[in-house]
Amino acid sequence: MEKSDLVIRVAGEGGEGIISTGDFISAACARAGLEIYTFKTFPAEIKGGYAMYQVRISANHIHNQGDTFDVFCAFNGEAYELNRHLLTPGTAFVYDGPGGDFEPDLPDGVSAYPIPMSATAKKLGEKRAKNMVALGALSHLFNINEETLIRVLSDKFGKKGEKVLAKNLEAFELGKGFAQALEKKDSWRVADAKEPKDVIIISGNEAVGLGAILGRLDFFSAYPITPATEVAKYVSEHIPKLGGTLIQAEDEIASISQVVGASYAGKRSMTATSGPGLALMSEMIGMSFMSETPALIVDVQRGGPSTGLPTKHEQSDLFLAIHGAHGDAPRIVLSVENVKDCVEMTAEALNLAEKYQTPVILLSDGSLAFSTQTIPTPKADQFEIIQRKRWDGDGEYRRYALTEDLISPMADPGTPGAMHIATGLEHGETGAPRYTPENHETMHRKRIHKIQPLVDEYRPAERDGVEGQATVGIIAWGSTIGVVREAIERLTAAGQKVKALYPKLLWPMPVAQYEAFAAECDQILVPEVNFQGQLSHFLRAETSLKPIPYTICGGLPFTPAMIVAKVEEISK
Amino acid sequence: MEKSDLVIRVAGEGGEGIISTGDFISAACARAGLEIYTFKTFPAEIKGGYAMYQVRISANHIHNQGDTFDVFCAFNGEAYELNRHLLTPGTAFVYDGPGGDFEPDLPDGVSAYPIPMSATAKKLGEKRAKNMVALGALSHLFNINEETLIRVLSDKFGKKGEKVLAKNLEAFELGKGFAQALEKKDSWRVADAKEPKDVIIISGNEAVGLGAILGRLDFFSAYPITPATEVAKYVSEHIPKLGGTLIQAEDEIASISQVVGASYAGKRSMTATSGPGLALMSEMIGMSFMSETPALIVDVQRGGPSTGLPTKHEQSDLFLAIHGAHGDAPRIVLSVENVKDCVEMTAEALNLAEKYQTPVILLSDGSLAFSTQTIPTPKADQFEIIQRKRWDGDGEYRRYALTEDLISPMADPGTPGAMHIATGLEHGETGAPRYTPENHETMHRKRIHKIQPLVDEYRPAERDGVEGQATVGIIAWGSTIGVVREAIERLTAAGQKVKALYPKLLWPMPVAQYEAFAAECDQILVPEVNFQGQLSHFLRAETSLKPIPYTICGGLPFTPAMIVAKVEEISK
Amino acid sequence: MNDMTQHFHQVEMKPKEFKSEVEPVWCPGCGHYGVLAGMYRAMSELGLDPNYTVNLSGIGCSSRTPYFVQSYKMHTLHGRAGAVATGTQLARPDLAVIVTGGDGDGFSIGGGHMPHLARKNINMTYILMDNRIYGLTKGQVSPTSRKEMKAYTTPYGGVEEPLDPVLYMLTYGATYVGQAFAGNPKMCASLIKGALEHQGFSFVNIFSQCPTFNKIDTAKYFKGLVVDVPDDLELDDSSSAMAHVQQVNRQGKLAVGLLHQSQRTTLDQEMARLVKKVGGNAEYDLQKIVDLSRP
Amino acid sequence: MNDMTQHFHQVEMKPKEFKSEVEPVWCPGCGHYGVLAGMYRAMSELGLDPNYTVNLSGIGCSSRTPYFVQSYKMHTLHGRAGAVATGTQLARPDLAVIVTGGDGDGFSIGGGHMPHLARKNINMTYILMDNRIYGLTKGQVSPTSRKEMKAYTTPYGGVEEPLDPVLYMLTYGATYVGQAFAGNPKMCASLIKGALEHQGFSFVNIFSQCPTFNKIDTAKYFKGLVVDVPDDLELDDSSSAMAHVQQVNRQGKLAVGLLHQSQRTTLDQEMARLVKKVGGNAEYDLQKIVDLSRP
Ligand SMILES: Cc1ncc(C[n+]2csc(CCOP(=O)(O)OP(=O)(O)O)c2C)c(N)n1
Ligand SMILES: Cc1ncc(C[n+]2csc(CCOP(=O)(O)OP(=O)(O)O)c2C)c(N)n1
Ligand code: SF4
Ligand code: SF4
Ligand SMILES: [Mg+2]
Ligand SMILES: [Mg+2]
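Protein sequences appear in the order of chains A, B, C and D. Position 418 of the first sequence, counted from 1, bears residue number 418 in my numbering, the numbering being contiguous throughout. Position 157 of the second sequence, counted from 1, bears residue number 157 in my numbering, the numbering being contiguous throughout. Position 181 of the third sequence, counted from 1, bears residue number 181 in my numbering, the numbering being contiguous throughout. Position 199 of the fourth sequence, counted from 1, bears residue number 199 in my numbering, the numbering being contiguous throughout.
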C-alpha cells in the first residue's frame with residue numbers, strides 16, 4: 001500500500017466531538033478530490049461511553065474501511081486503553097497531553113505526538129474546542145488539506161456566527177502550532193489535493209433514503225430501530241418535497257400493513273427496519289406475497305439474534321429474509337455492497353416490487369448504516385422509474401388474471417370497471433375465494449414462478465480476479481464484497497490465482513452464474529458475518545457448489561487481511 | 001388389499017349429522033376390536049356447505065386414510081356430484097332415495113343401495129334422525145357390528161333421555177329394514193369383531209392436548225386459530241385438574257410472551273397455533289432462544305401462505321419453523337406422523353424444551369388435526385418427566401455459566417442467592433450485557449452447539465422396507481410417513497427393492513443417518529405436501545443427498561397409490 | 001377538494017345495487033346481515049361512487065363483509081385492517097375508506113392499532129360488528145364476551161371483565177362515535193351514513209348476534225336492552241358521551257344512537273399542510289435534494 | 001396465603017441496598033433516576049424480599065431499570081414486558097411482579113397488551129416512565145409527545161394528538177392508578193409502594209424528563225404543571241378520576257397523586273377458583289383423563 005492510502009482513527013468519550021472531527025476530515029478530503037470511507041462505533045449507552053470514528057482516505061478508489069489504522073488520535077485514556085493492542089511499529093499516535101487524563105506507555109516503534117488538547121481548550125474557555133485543537137494538529141502532521149478544511153469549518157461554524165467560528169479557528173491554529181513544534185517521525189500523509197470530483201458524501205442509511213427519493217417513493221411508514229432509523233429521518237425531511245407521505249407507525253406490524261395499504265392504493269411504498277422488525281413483519285410480508293401487492297422492506301441488519309448487539313454489524317438475517325413466512329412465499333431478496341448501492345439499489349428495488357408485484361427485501365447492514373463514503377453525485381434523471389403493469393381498460397377486469405408472464409394488471413381504486421378484491425385467502429382469477437386443489441397449484445405456480453425471469457433480467461453478478469481457472473474462488477455478499485475486492489487485488493498482485501463473484505440478487509438465486517463461476521475454481525470460499533454460514537447454506541441447497549464457509553460474528557466486519565490470510569491458509 | 005380393510009365415506013350438508021354418523025361408526029368398530037383412521041373435510045363456511053367424513057376400518061394396523069373409499073353414502077345431491085368422479089366399478093353406493101333431492105346416473109359397475117333417509121326421518125317427525133336411518137342401513141350392508149353400535153348409540157343418546165334414544169333406535173331399525181330388503185351386490189364388509197383392544201379414540205389435536213397433560217404441562221397460552229384451536233379446548237378442560245393454568249391471550253405475540261414469562265417462573269409452558277400465528281411469534285421465539293428460556297410451540301400447519309386455505313392440509317411451515325427469526329437462532333424442530341405421536345411427542349417436546357432450555361417447535365398438520373384414530377391407551381406413568389437443570393446452591397450463581405454440556409443451571413424466582421437477569425441482549429455468564437467480539441462468539445457457540453447432542457440422543461429415524469441396497473429410498477416427514485408406510489408395504493410385496501426413512505427430529509438434522517440411508521439407495525425420493533420441497537431443500541443444504549422432490553399442494557394429503565405410482569415412474 | 005366528499009351524490013343506486021356478485025355465507029339469523037343491509041342503505045343514500053370506495057377487513061365472519069359490497073376492497077389479516085386502511089387513506093385521501101370487522105379482530109389482536117387510528121384522526125369509517133364472540137373460529141370468548149359465558153376454551157365459564165368498545169374509542173379521541181343494534185338496520189344505516197360523511201375517524205359499534213355460537217347475547221337479549229341516546233346529549237363533548245355510556249351500562253342497558261361528533265384536523269390534512277410548507281410537488285427538482293449532500 | 005403480600009416485611013434493607021451491582025447508564029439529569037430512587041425506597045419501606053420479586057421490562061432507556069435493582073428480572077422485547085409478566089404472574093402468584101418501561105414501549109408497540117393487563121386484573125405493578133419521547137433510539141416522537149414537538153422523523157413538527165396514559169388505564173379498568181413526577185421521588189415511592197401493596201393490576205405513570213432528546217418537556221416544565229389530587233376525590237370510582245384528569249388537562253395542568261383504587265378478583269384468583277372447582281391438584285390421577293377418550 002502506498003502511504004497516501006491512509007487510515008486515521010479518532011477515539012474518545014462520546015460527546016467530545018469525535019464524530020464531528022471525523023466528519024470535518026472527511027469533508028475536507030472529499031473537497032480536496034480524494035475518496036473517503038468511514039467506519040464508526042457508537043457507545044452502546046446513550047451518553048458518554050466510548051466513541052470511535054475511523055476514516056480511510058485515498059486518491060484511488062476505496063472499497064472498505066481498511067485493515068487497521070495508520071494514525072491514531074486518542075482523546076482520553078479509555079480510548080488509548082481500548083486501542084493500545086492495535087498500535088504497531090509504524091503507527092502514528094496523537095494524544096491529549098500533557099494535561100490529558102493519561103500517560104501512554106507506548107510499544108516500540110510508535111511515533112508519538114503529544115498535543116495538549118484539553119489544556120488548550122480549557123485555556124480558551126471552551127471545553128468543546130478540544131477537537132479543534134486535535135484537528136489542527138492532525139491537519140499539519142498528516143497533510144490534511146488545510147484550505148479545504150478551513151472552508152469546511154467556515155461553512156459549518158459560520159452559520160453559528162462570527163464569534164463561534166473565530167474561537168474554533170483559534171483552537172485549530174493553536175493545535176497546528178503545537179504540531180509544528182514537534183518533529184515528524186513517521187511518513188504517513190494524506191495524498192495531495194487533486195482536481196475536485198463531482199461527489200457527494202453520505203452515509204449508507206441516508207443513501208437508502210436518497211435512493212428512495214430518486215426512485216420516486218410516495219409512501220414510507222417508519223418505526224424507529226437501531227441501526228435503521230436514519231433512513232426514515234432522511235426520508236421524512238425530503239418526501240414532502242415530492243408530495244409524498246411519511247408516517248411513524250405504532251409498531252413494525254403497522255408499518256408493513258400501512259405499506260401494503262398504500263401500495264394497494266397505487267403508491268410506491270416502503271419501510272425500513274432491522275432484524276426484530278423484520279421478524280414481526282413476517283405475516284404481513286406473506287400477505288403482500290399472496291395478494292401480489294408490491295412492498296419494499298429495507299432491513300439494515302444488526303447483531304442478532306433477539307435484541308442481540310443492537311449497535312453492531314452482522315449479516316445474519318438472510319435465513320429470515322428468504323424463508324420468513326409460513327407456507328411457500330418466496331420473495332425477491334437483494335443486498336447492497338456499499339453506499340453507492342444503497343442509493344441505486346433502493347431505487348431499483350422499488351421498481352422490482354412494482355414490476356413483479358411482490359415483496360422485495362433489500363438487505364443493508366450495520367457497518368454501512370453509518371459509514372459515510374464519497375460517491376459520484378447521482379443524477380436525478382439517471383433513475384428509470386418502472387411503473388406497475390396497469391389495466392388498459394379492455395375486456396373484463398380480473399385482478400389475478402393468468403397472463404403469459406404471470407403478472408396480472410393492477411388497477412388503482414378509482415379506475416371505473418375494475419373494482420376487485422385483493423386478498424390473503426387463496427383465490428381464483430377474480431380474487432374470489434377458491435380452494436380447489438387445481439386452483440391452489442395454479443395460483444401457487446403463478447406467484448412463485450413469476451419472479452424467476454428476474455434471474456436472467458438482473459445484471460449478472462460481478463466477477464473479479466484472474467481470468468481462467470483459479471485455485472480459490474470467493475463468493476461474498478453485502479458489505480463483505482468491498483473487503484474481498486481489496487483482498488483479491490492484493491492476492492492477484494502477489495500472483496495468486498484467485499477470483500471472486502459478487503451476487504447482489506440473493507433470491508431467486510442465479511444458479512447458472514454460480515455454477516459457471518464454480519466451474520473455474522478449485523475451491524469456493526464464502527466469507528460472511530454470521531454464525532451458521534447462511535449464504536453457504538443456500539449455495540449448498542440450490543447449487544452444486546461445495547462452499548467452504550468462513551464465518552465470523554463478533555460484531556465487526558471482515559478486513560482484507562483476514563480474507564488474504566484465509567485464502568492463503570486454504571490454498572496451501 | 002383384503003376386503004375387510006374398508007373405507008367408508010359419508011357426505012352431505014354440514015348440520016345433517018355427517019360427523020356424528022362417522023363418529024358412531026368409528027366408536028362401534030373400535031369397541032369391536034378394530035382399528036380406525038378417519039379423515040374429514042369441513043365446510044369452509046360456518047354453517048351448511050359440504051361436509052365429508054371418511055373412516056377406514058381394519059382388523060390390522062392402519063397408517064393412513066387410504067387411497068380412496070370403497071363405500072360411499074351420499075346424504076344429498078351436492079355430495080353425490082362432488083364425489084361422482086371417484087365412483088369406480090366396485091364401489092358400493094348408498095344414497096337418500098327415493099325421496100331424496102337427486103337421482104343418480106351411476107357409472108357402470110357401481111352397486112347402488114337406495115335408502116329413503118329423508119322420507120323416513122320426515123315420517124318419524126324428526127329431521128335429525130336422517131343419519132340414523134343411514135346408519136342402520138350401513139350397519140346391515142357392511143357388517144358394522146350392530147351390538148357395539150347399539151351400545152355406542154345408547155351411551156350417547158341415553159344421556160338425553162329414554163325418548164330420544166328410542167326415536168333414534170327406531171330410525172336405525174327402519175334403515176336396517178330397508179337394507180335387508182335390498183340385495184347385496186358387492187362384497188365389501190367390515191371385518192368381524194375381535195377381542196376388544198385397550199384403545200382410546202382421539203383426534204390429533206386432542207392428542208396433542210393429552211400429550212401435554214401427560215407431560216405435566218403447567219401453563220398454556222392460547223389464541224384460537226384453525227386448525228389448532230382444539231388443542232387449547234382439550235387443555236382448557238383438563239389442565240385445571242392438574243392445578244395448571246390456561247389463558248386465552250389477546251394475540252399470538254402475547255401467547256408466546258406469556259409462555260416465556262411462565263417458563264422463566266419455572267413452569268412447563270407451551271402454546272399451539274398455525275402458520276400465521278407462528279409467523280407472528282418469530283421475534284419472541286428468538287428471545288426464548290437468546291435468553292435460553294424453555295418454550296414449546298405446536299404448529300398445526302394449514303394451507304398457506306397468508307390466510308391461504310385455512311381449513312386445508314399442507315406441510316409448508318418447515319422453512320419458517322427452522323429459519324424464522326432474525327440472527328442465528330436455530331431451534332429444535334420435530335414433527336409428528338400420526339395421532340399416537342401427537343400424544344407421545346408433545347410430552348417429549350416439553351421435556352426437550354426443559355432439558356435444552358431452548359424453543360422447541362412441534363409440527364403437526366391439517367390432516368391430523370381432526371383425524372381420529374384408535375391408539376393403544378396411553379398409561380399415565382409411561383411418560384418420563386425431565387426437569388430442567390436447576391442450580392444446586394453451590395458457589396456463586398451465574399445464569400449463563402459455561403458448563404461442559406453448555407447447559408447452564410436455571411433458578412426459579414424465590415431461590416435465595418440466585419437472583420439474576422434473563423435477557424435478549426447479548427450477555428456474559430451473569431446475564432449482564434456484554435458486546436465484545438469474543439463473548440458474542442462464545443455465547444453463540446454455547447446456544448447453538450448445546451442442542452447438537454440431541455442428534456445422537458434422539459431415537460434414530462425409523463427405517464422401513466427392504467434390507468440392503470434399494471433402487472428407491474423414500475424420506476418422508478409428518479403425516480406423509482403413514483402414507484409411505486403403506487406404499488412401501490405394497491411395493492415390497494410386489495418385489496420392488498424400496499426402503500424408507502422416517503425422520504421425526506427435523507432440526508438439528510441427523511446427518512449421519514441420512515447419509516447411511518442414502519448410501520443404500522440408488523435414488524432418494526422426498527414426497528411432501530408443499531410447493532418448494534422444503535425438506536428436500538434442507539437435505540440438499542445439509543447432507544450430500546440429491547433428493548428427487550415429489551411435491552403436491554392442493555390441500556389434500558398424499559395417498560399410498562400416488563407414492564407407489566411415483567416410485568414406479570422414477571424406477572423405470 | 002381532494003377529499004372523499006367529492007364522490008358523494010355521484011351515483012344513483014338502490015341499496016341492493018351495492019350488492020356484489022358474491023353471496024353472503026353467514027348462518028341464518030346472523031346479525032351481520034343487518035349490518036350489511038345498513039351499509040348498502042347508507043351507501044345508497046349517500047350516492048357514494050363505489051369506484052372511489054375501498055372496503056377493508058381483517059379475518060372473521062364479519063371480515064367477510066367486503067366481499068359482498070360493490071367497491072374496491074381488500075381482505076387483509078386478522079387484526080390489521082385498520083393499519084392497512086391507514087396506508088390506503090393516506091395514500092389516497094380522495095377515497096372513502098371503510099373497515100368492517102369483529103370484536104376479536106378489532107379489540108383483541110387488532111387492539112394495538114385502534115388508539116392510533118383515532119388519535120391520528122385517520123379519515124375512515126370503522127364499523128365493528130360486535131357479537132361478543134369469535135364466530136369464525138367456532139366460539140371462543142372475545143374481549144367483549146360477558147364474564148358468565150362458557151365457551152370453547154373456557155369450559156368452566158369466563159374469567160375476565162369485558163371491555164366496552166365505545167368507551168375505548170371515546171377515550172382514544174375518535175371524532176365520531178355511534179352505537180347501534182343490527183336488528184335495527186335503519187339506525188345502522190343512519191349512523192354509517194353519518195360516519196361516512198364525517199371528516200375524520202368515525203367509529204360505529206353494532207351489536208350483532210351470533211345465534212350459532214353465542215347463546216346468551218341473542219337478538220332478543222340485545223333488543224331488550226337498547227336505549228336511545230337522549231336528544232340533549234352534548235355531542236361535541238366526548239366526556240358527556242363517556243358519562244352517558246357509563247351510566248347506561250351501570251343500569252345494565254346499552255346506549256344506542258350517535259354519541260359523539262367533533263372536528264379536528266385529519267392526518268391527511270396535516271400531511272398536505274407539510275407538503276405545502278416545504279413547497280412540495282410532483283415536479284420538485286430532485287437534484288436539489290442530491291446536492292445537499294455535497295461535501 | 002398464596003400471594004405476594006407474604007413477602008412483605010420479610011427483609012430489613014435500606015433503599016440503597018436494593019441497588020444491584022450494575023450502575024445506571026442514563027444521561028445526567030435523566031428523570032429515570034428519580035423513578036429508580038422511588039422504587040428503591042418503596043421496596044425498602046415494604047421490606048419486600050427481593051428473592052421473591054421479579055422486575056421485567058421491554059426495550060428503551062427506561063427498560064434498563066431492572067438491571068439496576070436487586071431481584072429476579074427479565075429484560076424482554078420492545079413492547080412485550082406486560083405480556084411476559086402476565087405469564088410470570090399467573091405461573092407464580094406468590095411473586096411480586098413489577099414492569100418498568102417507556103411511553104413508546106408501553107403505548108406504541110406494546111399498546112395492544114395494555115387493555116388486557118388491566119381488564120384481566122393481572123396482579124402486577126406497571127410503572128410507566130413517561131418522557132414523551134423515544135429516548136434509546138435518539139429522539140423520535142412517542143404517542144405521548146406533544147404535537148408541537150419537532151423530532152427525528154418529524155422535522156417539520158408533529159402531526160398527531162398525544163394520548164394520556166392514565167385516562168387510557170382508567171378506561172381499561174386498572175384497579176389502581178396513580179401519577180407522579182420523577183422530580184418528586186417521595187411521591188413516586190409512595191405511589192409505587194401503594195401499587196405493590198394493591199391486589200390487582202396497578203399502574204403508575206411517572207413524568208420523567210429526557211434532557212438529551214426532549215427539549216420541551218423539561219423537569220422545569222413538568223414541575224410547573226403538576227397539581228395534587230384533591231383529598232375529596234372518590235378514589236373507588238374510576239369515572240371521578242377520569243373526570244378529574246380531564247378537567248386538570250383542560251387547564252393545561254397535570255394531576256399527580258393517587259387517582260383511583262378499587263377491588264376486583266384478580267385473574268390468578270379466578271384460576272385458583274377453577275382449579276378448586278374441578279378438584280385439581282398435583283396428585284390428580286391422570287389416567288382418569290386418558291380414560292375419557294375410550295370409544
Ligand atoms: C394471526 C391469526 N390468528 C388467528 C386467526 C384465527 N381467527 C380467524 S377469525 C378469528 C376471530 C374472529 O372473531 P371476530 O373478529 O370477533 O369476528 P366474528 O367471526 O365474530 O365476526 C380468529 C381468532 C387468524 N386468522 N390469524
Ligand atoms: C421490535 C423492535 N422495534 C424497535 C426497536 C427499537 N427501539 C428500542 S427502544 C425504542 C423506543 C424507546 O422509547 P421508550 O419506550 O419511550 O423508552 P425511553 O427510551 O424513552 O425510556 C425503540 C423504538 C426494538 N428494540 N425492537
Ligand atoms: S358463526 Fe356466528 S357470526 Fe359467524 S356467520 Fe354464523 S352466526 Fe354469524
Ligand atoms: S436519552 Fe433521555 S431517557 Fe435516555 S438516558 Fe438519556 S436522558 Fe434518559
Ligand atoms: Mg366476533
Ligand atoms: Mg420514552
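Take these hints with a grain of salt, some might be off.
Unchecked claim - Not close to chain B: a few residues of chain C, all C-beta gaps over 12 Å, as computed: (1) H9; (2) Q10; (3) K138; (4) G158; (5) E160; (6) R250; (7) G252; (8) Q263.
Stated by the list, open to error - In the DSSO-like style, the derived pairs of lysine-lysine whose C-alpha atoms are separated by at most 30 Å in a straight line are: (9) K147/C <-> K276/D; (10) K138/C <-> K340/A; (11) K14/C <-> K156/B; (12) K197/B <-> K379/B; (13) K14/C <-> K160/B; (14) K241/B <-> K150/C; (15) K147/D <-> K159/A; (16) K159/B <-> K288/D; (17) K122/A <-> K184/A; (18) K277/C <-> K14/C; (19) K241/A <-> K277/D; (20) K276/C <-> K223/D; (21) K241/A <-> K276/C; (22) K197/B <-> K156/B; (23) K241/B <-> K215/C; (24) K14/C <-> K223/C; (25) K186/D <-> K223/D; (26) K160/B <-> K277/D.
If you're looking for bench data, these hints aren't it; they were derived computationally from the structure. Just so you know, even glycine gets a beta-carbon here, dropped at the ideal spot from N, CA and C.
Taking the earlier hints as the rules, which of them does this structure contradict? 3, 4, 5, 10, 11, 13, 18, 19 and 20
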